[in-house]
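Asker: The primary structure of each chain is shown beneath.
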Amino acid sequence: MNRDCGMGMHVENRGIHVGEIRVTAVASSSVLLVGDTETILCSSVFDTPPESLIVGPWVPLAPEG
Amino acid sequence: MAGEGRRTSVVDTLRLDALAAASSLVVGDLERFDARSRALAVQRQVPVFLENEGDLRAFPLFSRPIPLPGPEPEERVRLTSANVSPCISAGNIRVLSAVASSLVQVGSVTRVELESRVKHIRQFVDQTSP
Chain A
14 MNRDCGMGMH
24 VENRGIHVGE
34 IRVTAVASSS
44 VLLVGDTETI
54 LCSSVFDTPP
64 ESLIVGPWVP
74 LAPEG
Chain B
85 MAGEGRRTSV
95 VDTLRLDALA
105 AASSLVVGDL
115 ERFDARSRAL
125 AVQRQVPVFL
135 ENEGDLRAFP
145 LFSRPIPLPG
155 PEPEERVRLT
165 SANVSPCISA
175 GNIRVLSAVA
185 SSLVQVGSVT
195 RVELESRVKH
205 IRQFVDQTSP
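These protein sequences, in sequence, are chains A and B.
In short: position in the first sequence from 1, add 13, done, that's the numbering used here.
In short: position in the second sequence from 1, add 84, done, that's the numbering used here.
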């Protein structure tokens, strides 16, 4: 395929000034950035399945060694 | 003059109270930033926790591969940018906390890769069992 037929995008970064930024939490693979970037890849796995509710006698979780 | 590449970041004040679990506050430019964090979040009716508990290898969640976007298509979007203004700026930044593979940065970074895995477990004592 002729590469000249692809899509082009041009960005002009003019003056930007944000007065105030208030954030409660940046959490679980998140980014707060004042600047330029090319690639950001964030993954977050969060698991609370039904079997994670354990009712029974107190037992330690997966002891090491 | 319109420049190429990275702009200069300008911030008047930055206040960050808590930074934890593979998170960073960066002032300046980076080529690459990677962070990984894994956690067991255990809530117990009887709050007793042993030192050698929680071998993460026992939970598939922590080793399961995460599906990522495939390779870029051959014909990608041609992105060009012109920095008419050489600066990107903010006045006051107030952040309470940055946790679990997070990044707070004043400056530029070419590539960021973050991964966080959390497994929640709640344990209750069964009063009816012998």
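Mixed in with the good hints, there may be bad ones.
Unchecked claim - Pairwise CB distance ranges (calculated):
1) B/L163 / A/P70: 37 to 43 Å
2) A/V24 / B/A104: 21 to 27 Å
3) A/P62 / B/L109: 32 to 38 Å
4) A/T61 / B/A102: 21 to 27 Å
Said to hold, decoys possible - Derived coverage of chain A by chain B (criterion: at least 3 residues anywhere in the stretch with Cβ under 8 Å from a Cβ of chain B; other residues may be distant):
5) 22-29
6) 33-42
Calculated directly from the structure, the hints in this document are not laboratory data.
We treat Cβ as the ideally placed atom computed from N, Cα and C, and that holds for glycine.
Asker: With reference to the structure, classify each hint as holding or not holding.
Answerer: Hints, one by one, checked against the model:
{"no.": "1", "hint": "B/L163 / A/P70: 37 to 43 Å", "verdict": "violated, 59 Å"}
{"no.": "2", "hint": "A/V24 / B/A104: 21 to 27 Å", "verdict": "violated, 35 Å"}
{"no.": "3", "hint": "A/P62 / B/L109: 32 to 38 Å", "verdict": "holds, 34 Å"}
{"no.": "4", "hint": "A/T61 / B/A102: 21 to 27 Å", "verdict": "holds, 23 Å"}
{"no.": "5", "hint": "22-29", "verdict": "holds (count 8)"}
{"no.": "6", "hint": "33-42", "verdict": "holds (count 10)"}
Hint violations for this structure: numbers 1, 2, all remaining hints satisfied.
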